[in-house]
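S.K.: Sequence:
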Amino acid sequence: MPASAPPTAEQLEAEAAALRERAVLMHAIFGEKFDPTANEAPMELSAPDQPGVRMYAIEPVAHAFLPNGDAALVANALRVEAGRGDSRDPNEGGLLNIFILRKADGRWSLLKHHANVARLGGWERIGTATFMHLAAGKPGLAMLHGTAIGGYADRRLSLFDLGADPIRSLTGGGIAIATSNPSCEPEEEETCYDIVSGWRFALAAGGAAYNDLVFQFRGQDDSKKERRRKGKEGPRLVSDITRLGGAARYAYDGKTYVLVEGKNLAARH
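The numbering used here applies: residue 1 is where the sequence shown begins, and numbers increase by one.
Worth flagging that the hints you see were computed from the coordinates, not collected in a lab.
No residue lacks a Cβ here, since even glycine has one placed at the ideal position from N, Cα and C.
One thing to keep in mind: the hints can contain errors.
For each label pair, taking beta carbons as the anchor points, the in silico distance ranges come out as [unchecked claim]: (1) Cys184 - Glu81: 32 to 42 angstroms; (2) Cys184 - Leu110: 22 to 32 angstroms; (3) Gly262 - Leu111: 15 to 25 angstroms; (4) Val24 - Gly137: 20 to 30 angstroms; (5) Cys184 - His27: 39 to 49 angstroms; (6) Leu111 - Ala17: 29 to 39 angstroms; (7) Glu32 - Ser183: 40 to 50 angstroms.
Calculated lysine-lysine pairs in the PhoX-like style (CA-CA distance at most 25 angstroms, straight line) [said to hold, decoys possible]: (8) Lys112 - Lys138; (9) Lys103 - Lys138; (10) Lys103 - Lys263; (11) Lys33 - Lys103; (12) Lys33 - Lys138; (13) Lys263 - Lys112.
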C-alpha cells in the first residue's frame with residue numbers, strides 16, 4: 001500500500017482546535033480537577049457489572065455539537081488503582097461515558113452525565129467515535145470497538161441515541177463488522193480467515209424508530225485440505241481458499257437491532 005499523505009496544515013489546525021474545544025468542555029465539567037497535561041480528570045463512579053463505587057480517570061475521546069446547540073462529550077472511564085501503573089487488561093473493555101453540556105451566557109455547564117453506559121472494546125479502551133443521525137432529527141453516536149489478543153482480532157459497531165434518557169446500546173454487545181486471525185500459519189491445520197465490512201444507514205423498511213443498518217461483507221477463509229505426496233512423507237496441507245462476500249441488513253425492532261436479511265459473515269467465526 002502507498003504511504004498515506006502527511007496531514008495538511010488545515011487538518012493539523014482543525015485537530016488542535018478540536019482538542020482545545022474538548023479541554024474547555026472538560027474544564028466546564030470538572031473545573032480544576034481536570035489535568036490538561038494528562039488529559040484526564042478523577043471521578044468516583046459505580047461500576048456497571050461490579051458492586052460498589054470506584055475511582056476512575058475520565059479521558060475525553062471525542063465531542064460534537066448537537067442540532068439544538070448542546071455539546072456531547074464522549075469519554076472513557078479507566079479504573080484507578082494503587083500500584084497498577086499503566087497496565088491494562090486486554091480482556092476488559094473501556095467504559096463509555098457521555099456528558100451533555102449546554103451553553104448559557106457564554107459558558108458551558110453540565111446538563112446530564114450518562115455514566116458507564118456500556119463496556120466496549122478491549123485493553124480498557126472504548127474505540128473510536130462517529131457522530132451521525134440514526135433517523136431524521138435523532139442525533140446518534142456510533143462506536144467502533146474491538147479486541148486484538150492471542151492472534152485473533154475483531155471489530156464491532158455499537159449505536160447510541162444521544163437524545164435518549166437513559167442512553168443505552170441499541171445494538172446489544174455490538175454488531176460484528178470485521179474478524180481475522182492474522183497470526184494464522186497457512187501450513188497449519190487451523191482455518192485462516194479475514195473478513196471485513198463497511199456499513200451505512202438505509203430508510204427503515206418497517207417504519208421503525210431508527211434507520212436500518214446495511215453491511216457489505218468481503219473476505220476469505222482458508223480451511224486447508226490434504227494433498228497426498230509420493231513416498232513415506234505422507235499427506236501435506238495446502239491452501240483451500242474460499243472467497244467470501246455478501247450483504248446483511250439489520251432493523252430496529254423496538255428494543256435492539258436484529259438481523260432481517262442476509263448473513264453476518266463476521267459473526268460466524
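S.K.: Hint by hint, say whether it matches the structure.
M.R.: To see whether the hints hold, each was checked on the structure:
Checking the proposed 32 to 42 angstroms range against cysteine 184 and glutamate 81 shows it holds: the Cβ atoms sit about 35 angstroms from each other. Restraint check, cysteine 184 to leucine 110: a C-beta distance of roughly 47 angstroms breaks the suggested window 22 to 32 angstroms. Against the hinted window of 15 to 25 angstroms, the Cβ-Cβ separation of glycine 262 and leucine 111 comes to about 40 angstroms, which falls outside the hint. At about 27 angstroms, the beta-carbon gap between valine 24 and glycine 137 stays in the expected band of 20 to 30 angstroms.
Our hint of 39 to 49 angstroms for cysteine 184 and histidine 27 holds, since their Cβ atoms are close to 47 angstroms apart. Under the hint 29 to 39 angstroms, the C-beta atoms of leucine 111 and alanine 17, about 23 angstroms apart, miss the expected range. As the Cβ distance of glutamate 32 to serine 183 is approximately 46 angstroms, the hint placing it in 40 to 50 angstroms holds. Pair hint lysine 112 plus lysine 138 holds up; C-alpha atoms about 17 angstroms apart against a cutoff of 25 angstroms.
About 20 angstroms separates the Cα atoms of lysine 103 and lysine 138, which keeps this hinted pair within 25 angstroms; it holds. Restraint check: the Cα-Cα separation between lysine 103 and lysine 263 comes to about 45 angstroms, which exceeds 25 angstroms; the hinted pair is violated. Distance restraint check for lysine 33 and lysine 103: the Cα-Cα separation of roughly 20 angstroms lies within the 25 angstroms cut-off, and the hinted pair is therefore satisfied. Taking the CA atoms of lysine 33 and lysine 138, the gap is near 33 angstroms; set against the 25 angstroms cutoff, the hint is violated.
For the hint pairing lysine 263 with lysine 112, the CA-to-CA distance comes to about 38 angstroms; that exceeds 25 angstroms, so the pair is violated.
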